[in-house]
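Trainee: Under this note's numbering, think of the first position of the sequence shown as 1, with each following residue one higher.
Read the hints as simulated data drawn from the structure, not as lab findings. Small disclaimer: the values here were computed from a predicted structure and weren't measured. Using N, Cα and C, we set each Cβ at its ideal position, and we do this for glycine too. Hints are supplied without guarantee of correctness; some may be wrong.
[What the hints assert, rightly or not] Here are the simulated DSSO-like cross-link-like pairs (lysine-lysine), alpha carbons at most 27 Å apart as the crow flies:
#1 Lys-870 / Lys-832
#2 Lys-318 / Lys-334
#3 Lys-700 / Lys-865
#4 Lys-819 / Lys-860
#5 Lys-556 / Lys-568
#6 Lys-3 / Lys-832
#7 Lys-798 / Lys-824
#8 Lys-683 / Lys-715
#9 Lys-3 / Lys-798
#10 Lys-318 / Lys-339
#11 Lys-120 / Lys-78
#12 Lys-798 / Lys-812
#13 Lys-860 / Lys-824
#14 Lys-850 / Lys-812
#15 Lys-404 / Lys-339
#16 Lys-700 / Lys-683
#17 Lys-824 / Lys-715
#18 Lys-715 / Lys-700
#19 Lys-632 / Lys-568
#20 Lys-632 / Lys-700
#21 Lys-137 / Lys-120
#22 Lys-700 / Lys-832
#23 Lys-556 / Lys-632
#24 Lys-850 / Lys-798
[To be verified] DEER-style ranges, computed between Cβ atoms:
#25 Arg-540 / Glu-34: 29 to 37 Å
#26 Lys-404 / Gly-51: 17 to 25 Å
#27 Gly-396 / Gly-179: 52 to 60 Å
#28 Glu-508 / Gln-74: 52 to 60 Å
#29 Asp-6 / Gln-309: 31 to 39 Å
#30 Glu-355 / Glu-634: 48 to 56 Å
#31 Gly-179 / Gly-849: 46 to 54 Å
#32 Glu-355 / Phe-852: 49 to 57 Å
#33 Leu-53 / Asn-143: 25 to 33 Å
#34 Gln-747 / Gln-309: 43 to 51 Å
#35 Gln-747 / Asp-6: 28 to 36 Å
#36 Val-378 / Gly-15: 26 to 34 Å
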Amino acid sequence: MVKPVDLRFEHHEAGVIGIGEDRPRISWSFDGDEENWSQAAYELEVKWQDGGLENHTAANSTNALVAWPWRPLQSAEKAEVRVRVSSTVDISQSVWSDYTAVETGLLRPEDWQGRLIEPKSVVPGGTGYRPIVFVKKLRPKGNVTNARLYITSHGVYEAKIDSTVIGDHVLAPGWTSYGHRLLYQTFDVTSNLTTSKDSNLEVTVAEGWFCGRLGWREGRRDCYGSRMGLLANLRIEYDDGSSETITTDDSWKCGYGNLVASGLYDGETCDLRESSTQNEEVVCLDPPVNALRSPDSPPVRRTGEIQVQQIITTPSGKQVLDFGQNFVGVVRVKVNGPKGTVITFRHAEVLERGELCTRTLRWALAIDTLILDGSDTVEWEPRFTFHGFRYVELTGWLGPIDTKDIVGIVLHTDMERTGHFESSNALLNRLHENVVWSMRGNFLSLPTDCPQRDERLGWTGDIAMFGDTANFLYDTCGMLGSWLRDVSDEQMMDHGGFVPLTVPLIIEGDGEEAHAVWGDVAVILPWSLYRYSGDAEILRRQYESMKAWLDVIPRKPNRLWNYTSPWKLGDWLDPAAPPDNPGNATTDPNFVSDVFLLHVIETMVQACCALERQNEANRYSDEAVVVRTAMKNEYVTPSGRLSPDTQTAYVLALHFGLLNEEHELSRGSSRLEELVRRNSHFKIATGFAGTPFVGHAMSKVGFDNLFYRMLLHRKCPSWLYPVTMGATTIWERWDSMLPNGDINPGQMTSFNHYALGAVADWMHTKILGLRPASPGWQNVIVEPKPGGNLAWTRGSYKTKCGALKVIWKVSKDDNTDQKVFELKVVIPLNTKAEVRLPHGGPVHNVGSGKHFWTVPYVPKPWPPKAWLPKDMDPNSEELPEEEALPFPGWD
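Let's have the full structure, built from the sequences with the hints guiding it.
Mentor: Set out below in structure tokens:
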């Protein structure tokens, strides 16, 4: 019998408390293996705190984001919910799920008590401010039955009660557009308080994003204020029915601990010799209660540990730890030594000529320092910084290094992993892992460009291009939905409809100009989230932002872009662009702007239809016709070619439907094939704007096998070139490391930038063959495209109904010696699938359960040949043979 499981509220992770919605929508999944099972009805039951029960029944197949059917929850109210489901309208014999608790935070500004407290003065620490420690002594008045700590800060904080760290969050409250939204966290501290015993509530606040240095070179300090501050409400309930709230006020004290410096870019210094003294008065200010919000997103957490793989002695004699993986986080150590011993940890992503390469960090020091006090062995890790690194240069360590005493701690926003991919090609698998690692490293509180240098900003163009890939790999609705609130707030309240290049915006002078592709995130990302989640509320909430962006784009009389900014990013980091001029791409940036304009207008048509705004849909549809016509007049030559005549131009024109007539598709696809085979010899020739869509455009015109050849190419520039050079994350440039091992001389040379990893979307939707047939994945399409030298592929996507799995294999039929394509698909409960097999044939409409197919398969010749000049060695562009990984089986 089917049992509903995994009840969730809105897009929150399981078990979260302190949510910000008073009528949270409810979702559930299913446990069971029934074939062709669909939900026909459900019954929800709520148990209120007083024990009262209320039920709600509906004849409905929806199991995701079901409306809360009861009265609104009050602030700090807890309830429990369970559900049962049935494949018929009679649910009386169905199995109930377990109860799942839901608890709100402080929903109204007036629910907050107390003041925002700050130190009277700040002390320099390193290149920034020294972290502040706020303390409050308290004693519960009776037997504690329930206690909640509602807390936030100006800066990043860590709270303790009697030396026990509260919660597992890191760098809380995270980075938002603080002037509009400051997140607070809710912690259950019931077990931390003991009846009639003095306790010490201690909160350390470091500068973080609030007043720390942000941006390149010297950057900017004090972007949101010049003082670190704290706001906290500790609500305690007793067994006699009474309660009290302890708030931040003038009874608190502040001072310093053993952290003498802590900055996001430069690192953290801990001097264990420093005594902890907090006896200074605090300054009380009005709290920013109107900006306080409960988080939509999971917090940043410690999500893994990485062991040191080897210890390297560099040519200059330095000791360098190699973790074997480029990642984002800090190092945790166990160490002892004489008082005054200074140990430094200097982080970097790569080595150059055997030495730690820090040039790519620009003005970020990325150095953590520990000064010992001579006591017994201590375990230490930085708490208020993070670094992007694979290598750590270690100085001051006494005696031999035992790698068991040093471990890498992985940090990122703790989203749930939803998508997986694996194939018979080891290099392709490593590429996919590199995409995952780059996403993990750059999804830290918000989607950033890079995690290591003096930048780490929420660049809008990067996530606009990577959104579909991200949404397959992880459940991003909470995090990206939260970030889109900041996009909308800054766009609409601060910049008159213009979307800043980075959100939150800290670049002085930006925000009042329109930039194609980057600004287009206001339309592209909400639509991507809707497709993957089925949550129309995201579109509804972002609609005015989407509309405003299209309204402020400067236009010529023919309705194409009228670019007023001299700085056009266009197809940023085209591989042909000079190292010191990454915007100097081969594709005209005006063309890139205009074809993306066509794309976002047509995306708006779909969004309006989803929101049942038919009049607006018709208006945008008419606008798309005008823009397409103007583009053809502007960019299509009499011979049918495009001007510009580049890979990016044809990819975008084909994928976005600029070339939509049969003769245009024929000419465009022929020219793209020529550019790929003859001009680039299967090397990539696209930058940020073109790269995500190369595979999709080629598949659209039947060139799957040609794109397999591009995808599996190993020479620079290509996706696998970095893999052959030892990359463990996606690089910012196609040639961040040159073939001789030197680092690209360009100032912008990150080794952890997810944007070019958007090719993984093609791996998910074409190789694996998974995509939603309708928003939310309750109806899916399974259409794998075997090709290349792949012998098998397997993967999965966790939908709201359960795990959707695909395994396919190409093998020989033992009887006929002909090749066959074997496919196994596992469809979760309450889900319908259209399965489309290679070489056409009927569509197979199936429901839940395990399904198998075996069909004849005639592969295209492999590998496709480049069209080489007569004087060029025909073997120079051959693809090396690679042994296939063994088939893992059908489970």
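Trainee: Compare the structure with each hint and give your call.
Mentor: Results for each hint:
The straight-line distance between the Cα atoms of Lys-870 and Lys-832 is roughly 53 Å, outside the 27 Å bound, and the hint therefore fails. Only pairs whose Cα atoms come within 27 Å are accepted, and Lys-318 paired with Lys-334 is accepted, the gap being roughly 20 Å. Among the hinted pairs, Lys-700 with Lys-865 is consistent with the structure: their alpha-carbon atoms are about 20 Å apart, no more than 27 Å. This hinted pair checks out: Lys-819 and Lys-860 have alpha carbons roughly 12 Å apart, not beyond 27 Å.
Of the supplied pair hints, the one linking Lys-556 and Lys-568 holds, its CA atoms being roughly 17 Å apart against a limit of 27 Å. Of the supplied pair hints, the one linking Lys-3 and Lys-832 holds, its CA atoms being roughly 19 Å apart against a limit of 27 Å. Between Lys-798 and Lys-824, the direct Cα distance comes to roughly 17 Å. Compliance with the 27 Å bound is thereby established for this hinted pair. Restraint check: the Cα-Cα separation between Lys-683 and Lys-715 comes to about 7 Å, which is no more than 27 Å; the hinted pair holds.
Of the pairs offered as hints, the one joining Lys-3 and Lys-798 holds, with about 17 Å between alpha carbons and a cut-off of 27 Å not exceeded. Straight-line distance between C-alpha atoms of Lys-318 and Lys-339 comes to about 23 Å, which keeps the hinted pair within the 27 Å bound. Between Lys-120 and Lys-78 the alpha-carbon distance is near 38 Å, which puts this suggested pair outside the 27 Å criterion. Between Lys-798 and Lys-812 the alpha-carbon distance is near 32 Å, which puts this suggested pair outside the 27 Å criterion.
A C-alpha spacing of about 22 Å is found between Lys-860 and Lys-824, which places the hinted pair at or below 27 Å, so the restraint holds. Pair hint Lys-850 plus Lys-812 holds up; C-alpha atoms about 23 Å apart against a cutoff of 27 Å. For the given pair, Lys-404 sits about 23 Å from Lys-339 by alpha-carbon distance, which is consistent with the 27 Å threshold. Taken as a hint, the Lys-700 and Lys-683 pair is honoured in the structure, with Cα atoms around 19 Å apart against an allowance of 27 Å.
Simply put, Lys-824 and Lys-715 have alpha-carbon atoms about 34 Å apart, too far for the 27 Å limit, and the pair is violated. Note on Lys-715 and Lys-700: the hinted pairing holds, with a Cα-Cα distance of about 25 Å set against a maximum of 27 Å. The suggested pairing of Lys-632 with Lys-568 holds, with an alpha-carbon distance near 21 Å, which does not exceed 27 Å. Distance hint between Lys-632 and Lys-700 is fulfilled; the C-alpha atoms sit about 20 Å from each other, no more than 27 Å.
Restraint check: the Cα-Cα separation between Lys-137 and Lys-120 comes to about 20 Å, which is no more than 27 Å; the hinted pair holds. At most 27 Å may separate the alpha-carbon atoms for a hinted pair to count; Lys-700 and Lys-832 meet this at roughly 24 Å. Under the criterion of a C-alpha separation no larger than 27 Å, the hint pairing Lys-556 with Lys-632 is consistent with the structure, at around 15 Å. Proposed proximity of Lys-850 and Lys-798 is supported: the alpha carbons are some 16 Å apart, at most 27 Å.
Taking 29 to 37 Å as the suggested C-beta distance range, the pair Arg-540 and Glu-34 conforms, at roughly 34 Å. In this structure the supplied range 17 to 25 Å is violated for Lys-404 paired with Gly-51, their Cβ-Cβ distance being about 52 Å. A hinted range of 52 to 60 Å is violated for the C-beta pair Gly-396 and Gly-179, which are about 42 Å apart. Separation of Glu-508 from Gln-74 is about 43 Å and departs from the stated range, judged on CB atoms against 52 to 60 Å.
Range check, Asp-6 to Gln-309: Cβ separation about 36 Å, and the 31 to 39 Å hint holds. In this structure, Glu-355 and Glu-634 meet the distance hint of 48 to 56 Å, their C-beta atoms being roughly 51 Å apart. Remark: the range hint 46 to 54 Å for Gly-179 to Gly-849 is upheld by a beta-carbon distance near 52 Å. Evaluation of the 49 to 57 Å hint for Glu-355 and Phe-852 yields a pass: the beta carbon distance comes to about 55 Å.
A hinted range of 25 to 33 Å holds for the C-beta pair Leu-53 and Asn-143, which are about 28 Å apart. Between Gln-747 and Gln-309 the C-beta distance comes to about 30 Å, which lies outside the given range of 43 to 51 Å. At about 47 Å, the CB distance of Gln-747 to Asp-6 disagrees with the hint of 28 to 36 Å. Distance hint check: the CB atoms of Val-378 and Gly-15 are about 32 Å apart, consistent with the given range 26 to 34 Å.
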